[in-house]
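S.K.: The residues making up each chain are set out below.
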Amino acid sequence: MEILAQLVVSGIAVGMIYAVIAFGYQLTFATSRTLNFGQGEALMLGALVGLSLTQWLGFVFMLPLVILFGLFQGAVVEWLGVRQSMRAKSEFGWIMATIALGIIFRNLAENIWGRDELKFPSPLPEEPISFFGVNMLPMEVAVVVGALAMMLAVELFNRRSIYGKAVVAASADRDAAGLMGINTSLVITFSYALSSATAAVAGVLVGPLKPVGATMGAVLGLKAFAVAIIGGLSSGFGVIVGGLILGIVEKLTGFYIDSGYQDVPGLLLLLLVLAFKPAGLFGKTAIKKV
Amino acid sequence: MSRNASWTALAVATLLGSTALASGAFAADPIKIGVSGPFTGGSASMGVSMRDGVKLAVDEINKAGGLLGRQLVTVERDDEAKNEVGVQVSKEHVVATVGFANTGVALASTRFYEEAEIPVFDNVATGTAVTKQFLPPDYENNYVFRNAANDSIQAGMIVDQAVDKQHFSKFAILADSTNYGQLGRQDLEAALAKKNLKPVTEEKFNIGDVDMTAQLLKAKAAGADSILTYGIGPELAQIANGMSKLGWKVPIVGSWTLSMSTFIDNAGANGEGAVMPETFIQVGTTPKRKAFIEAYQKAYNIDRISSPVSAAQGYDSVYLLAAAITQAGTTDGPKVREALEDLKTKVDGVVTTYDHPFTTTDHEAISKNIPVFGIVKGGRVAFWSKDDEAAATQVRVKGAVN
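Chains as they are written, first to last, in this note's numbering: chain V, 1 to 290; chain L, 1 to 402.
Treat the hints as calculated values from the structure; they're not laboratory data. Even for Gly, the Cβ is constructed at its ideal location relative to N, Cα and C. Incorrect hints may have been included.
Dumping the calculated DSS-like pairs for lysine-lysine here, alpha-carbon to alpha-carbon at most 30 Å [unchecked claim]: (1) L:LYS249 / V:LYS119; (2) L:LYS55 / L:LYS132; (3) L:LYS170 / L:LYS220; (4) L:LYS298 / V:LYS119; (5) L:LYS288 / L:LYS344; (6) V:LYS119 / L:LYS220; (7) L:LYS335 / L:LYS170; (8) L:LYS249 / L:LYS220; (9) L:LYS249 / L:LYS288; (10) V:LYS119 / L:LYS82; (11) L:LYS82 / L:LYS346; (12) L:LYS386 / L:LYS368; (13) L:LYS368 / V:LYS119; (14) V:LYS119 / L:LYS288; (15) L:LYS198 / L:LYS170; (16) V:LYS165 / V:LYS284; (17) L:LYS63 / L:LYS91; (18) L:LYS368 / L:LYS194.
Estimated spans, in silico, between C-beta atoms of each pair [what the hints assert, rightly or not]: (19) V:LEU267 / L:GLU60: 49 to 59 Å; (20) V:VAL141 / L:HIS93: 20 to 30 Å; (21) L:THR345 / V:LEU267: 54 to 64 Å; (22) L:HIS93 / V:LEU57: 32 to 42 Å; (23) V:GLY58 / L:GLU294: 34 to 44 Å; (24) V:VAL8 / L:ARG111: 44 to 54 Å; (25) V:LEU4 / L:PRO251: 42 to 52 Å; (26) L:ALA295 / V:PRO128: 41 to 51 Å; (27) V:LEU267 / L:LYS82: 17 to 27 Å; (28) V:SER52 / L:ALA291: 53 to 63 Å; (29) V:SER122 / L:THR330: 18 to 28 Å.
Some chain L residues close to chain V (C-beta under 8 Å, calculated; not the full set) [claimed, not checked]: (30) ASP211; (31) ASP265; (32) SER306.
Work the whole structure out from these sequences, hints included.
M.R.: Encoded structure:
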């Protein structure tokens with residue numbers, strides 16, 4: 001029983017990391033029907049920038065700067081990669097462009113921060129806390145709380161503020177929103193900025209739990225993509241559930257079946273969802289009118 | 001007729017003249033040595049240290065006048081630790097190649113050197129199979145040489161150390177899912193089986209995994225009293241950190257990658273006490289080693305070598321190759337291979353003194369008596385015991401029997 005609880009707790013911590021990154025995929029998909037395939041790299045850059053800044057400023061003061069950096073980085077991705085291909089009405093140009101930018105960011109990071117994986121100093125004690133025989137690191141708790149808080153903040157912003165309403169309007173119907181006087185291309189830029197900012201924050205949250213380096217984003221970005229598909233690209237609740245499912249199933253498979261097959265059930269689930277519920281477990285199926 | 005003859009004479013003269021010119025230019029041409037290694041990514045600390053060791057040796061040789069009156073140049077290529085990139089690197093036109101930090105890359109790339117009859121030196125990657133792919137009689141000649149302690153040597157040493165010296169009996173094997181980890185796991189199992197032992201559990205993990213809870217809980221539930229590892233730095237650090245999280249700490253004994261700076265730095269206090277076999281520890285126990293460490297520190301302006309084993313083996317591989325080229329008197333691949341298989345001069349290296357390191361059937365320069373055991377202590381690798389330290393002050397040469 002203790003073992004099961006321990007596995008579930010560890011799975012939740014990992015799953016929430018996936019969920020935050022997957023949430024970033026959703027943000028841009030909602031407004032522009034495009035995804036940033038360099039989302040893992042946005043996380044990596046956030047972690048590395050955070051690592052450099054935290055030595056000067058400490059964790060708390062570093063955080064706003066990392067958010068600013070993420071906003072800027074996301075805007076750059078949209079401006080260089082996505083806008084051009086949308087203007088050219090290219091159906092797939094943004095896929096190649098965001099992947100290419102991701103590779104460029106990775107190489108940039110290798111040149112700036114070196115090739116070795118680095119240690120991110122933990123802002124919280126690294127001694128585990130024990131709770132009914134289940135051990136967790138304070139940082140794991142911080143990941144779960146931080147991830148939920150961030151998603152909540154973005155949702156509140158979208159629902160309550162006038163700018164957020166522009167985002168919602170643009171995602172509901174881009175053309176109609178444009179006719180109502182909303183600057184939709186600015187909204188799309190903003191959604192990219194916000195998406196990279198959430199990934200950057202996820203980076204500094206996961207940093208203390210895992211060695212950080214230029215290649216850290218690849219695996220996380222891919223798993224988060226699976227989560228976004230499983231949960232549905234249009235449901236904020238979906239990515240949380242999707243992330244938790246993937247995280248927990250990984251740990252349970254690793255223990256009860258075989259650690260060599262850890263990643264298999266998650267990917268099987270991905271295939272099943274694609275086959276039977278292509279919009280995701282919680283996604284809304286919309287009929288595309290042509 | 002006479003007219004024809006004079007034409008022929010002229011043509012021959014021109015031809016001779018041009019070949020003389022060509023061979024003149026040829027003599028001045030530098031000797032190209034390929035360097036293939038992961039200079040980016042999770043195993044970069046091995047690749048970069050190896051490359052820097054290679055460059056140090058090449059510079060020394062060039063300052064001393066080069067080989068056969070020609071200078072050496074390195075053709076450095078990042079194989080990114082990816083098998084397919086390594087294969088592309090192998091298409092470079094070089095006299096010989098040294099390198100490979102990853103068993104998978106070495107296995108995939110060496111075939112092309114074999115086919116082109118170009119000697120290739122594996123100076124870091126340890127997979128046992130690397131030098132055994134093209135053994136005679138199936139192949140006419142084997143062009144793959146190694147001066148690193150291969151996994152069957154390391155696995156044997158790890159098991160001896162864990163069983164006889166540290167007196168453990170219940171082993172959990174944790175290995176990554178790459179060629180390196182899985183071939184190493186097989187070697188560990190074989191070494192345990194020789195002692196009629198079996199691991200209590202075997203677990204796998206992937207490169208880049210965030211969390212090792214499931215693997216560690218399984219080891220704990222199986223009652224393991226020690227963990228034997230086969231992986232690379234960052235993930236090994238995750239194992240040590242994961243144990244601390246679960247409040248379950250048993251000693252780690254594993255392959256030499258536990259000496260990687262990425263393990264030591266990322267595991268911090270949790271990595272202290274990890275034990276691994278090493279061909280070279282950054283301590284100047286002999287004048288040659290002392291000189292090497294000082295030259296390396298000076299050339300690259302660092303204190304701690306990121307992967308001392310890779311640096312030393314990279315350095316030695318160039319000197320072994322240089323001795324063979326000198327002996328062969330040519331850069332012709334088959335001749336250099338022949339010279340390597342019957343090296344007449346002793347090569348005074350950092351790891352050991354190489355006295356007839358290779359034969360036609362044995363392409364491994366390092367034997368079981370050469371490595372010693374290191375332990376992570378205070379963020380560096382120190383000697384595990386006084387015996388290991390004493391052993392390291394002597395130059396242990398390759399035994400007659402492996």
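S.K.: With reference to the structure, classify each hint as holding or not holding.
M.R.: Here's how the hints hold up against the structure:
Only pairs whose Cα atoms come within 30 Å are accepted, and L:LYS249 paired with V:LYS119 is accepted, the gap being roughly 21 Å. Note on L:LYS55 and L:LYS132: the hinted pairing holds, with a Cα-Cα distance of about 28 Å set against a maximum of 30 Å. Of the supplied pair hints, the one linking L:LYS170 and L:LYS220 holds, its CA atoms being roughly 10 Å apart against a limit of 30 Å. For the suggested pair L:LYS298 and V:LYS119, the alpha carbons sit about 26 Å apart, so the restraint of at most 30 Å is met.
Among the hinted pairs, L:LYS288 with L:LYS344 is consistent with the structure: their alpha-carbon atoms are about 21 Å apart, no more than 30 Å. With a C-alpha separation of about 26 Å, the suggested pairing of V:LYS119 with L:LYS220 holds against the 30 Å cut-off. Annotation: proposed proximity of L:LYS335 to L:LYS170 is violated, straight-line Cα distance about 50 Å (limit 30 Å). For the hint pairing L:LYS249 with L:LYS220, the CA-to-CA distance comes to about 9 Å; that is within 30 Å, so the pair holds.
The suggested pairing of L:LYS249 with L:LYS288 is violated, with an alpha-carbon distance near 39 Å, which exceeds 30 Å. Distance restraint check for V:LYS119 and L:LYS82: the Cα-Cα separation of roughly 24 Å lies within the 30 Å cut-off, and the hinted pair is therefore satisfied. This hinted pair does not check out: L:LYS82 and L:LYS346 have alpha carbons roughly 35 Å apart, beyond 30 Å. Between L:LYS386 and L:LYS368, the direct Cα distance comes to roughly 19 Å. Compliance with the 30 Å bound is thereby established for this hinted pair.
With a C-alpha separation of about 34 Å, the suggested pairing of L:LYS368 with V:LYS119 is violated against the 30 Å cut-off. For the proposed pair V:LYS119 and L:LYS288, the alpha carbon gap of about 34 Å is over 30 Å, so the pair is violated. For the proposed pair L:LYS198 and L:LYS170, the alpha carbon gap of about 8 Å is at most 30 Å, so the pair holds. Proposed proximity of V:LYS165 and V:LYS284 is supported: the alpha carbons are some 20 Å apart, at most 30 Å.
Straight-line distance between C-alpha atoms of L:LYS63 and L:LYS91 comes to about 29 Å, which keeps the hinted pair within the 30 Å bound. Restraint check for L:LYS368 and L:LYS194: the C-alpha separation of about 16 Å stays at or below 30 Å, so the hint holds. For V:LEU267 and L:GLU60, the hinted distance range of 49 to 59 Å is satisfied, since their beta carbons lie about 51 Å from each other. Range check, V:VAL141 to L:HIS93: about 57 Å between beta-carbon atoms, so the 20 to 30 Å window is missed.
For the pair L:THR345 and V:LEU267, the supplied restraint of 54 to 64 Å holds, since their beta-carbon distance comes to about 56 Å. Taking the beta carbon of each, L:HIS93 and V:LEU57 are about 51 Å apart, not inside 32 to 42 Å as hinted. Checked against the given bound of 34 to 44 Å, the beta carbons of V:GLY58 and L:GLU294, roughly 38 Å apart, stay inside it. In this structure, V:VAL8 and L:ARG111 meet the distance hint of 44 to 54 Å, their C-beta atoms being roughly 47 Å apart.
Range check, V:LEU4 to L:PRO251: Cβ separation about 27 Å, and the 42 to 52 Å hint is violated. Between L:ALA295 and V:PRO128 the CB atoms are about 44 Å apart, so this pair conforms to the stated range of 41 to 51 Å. Against the hinted window of 17 to 27 Å, the Cβ-Cβ separation of V:LEU267 and L:LYS82 comes to about 21 Å, which satisfies the hint. Separated by about 36 Å at the C-beta atoms, V:SER52 and L:ALA291 break the suggested range of 53 to 63 Å.
Look at V:SER122 against L:THR330: about 58 Å separates their beta carbons, and that is not inside 18 to 28 Å. For L:ASP211, the suggested interface contact is upheld, since its CB lies about 5 Å from the closest CB of chain V, less than 8 Å. About 5 Å separates the beta-carbon of L:ASP265 from the nearest beta-carbon of chain V, less than 8 Å, and the hint is met. Contact between L:SER306 and chain V, as hinted, is supported at the beta carbon level, the nearest pair being about 7 Å apart and thus within 8 Å.
Violated hints for the displayed structure, listed by number in ascending order: 7, 9, 11, 13, 14, 20, 22, 25, 28 and 29.
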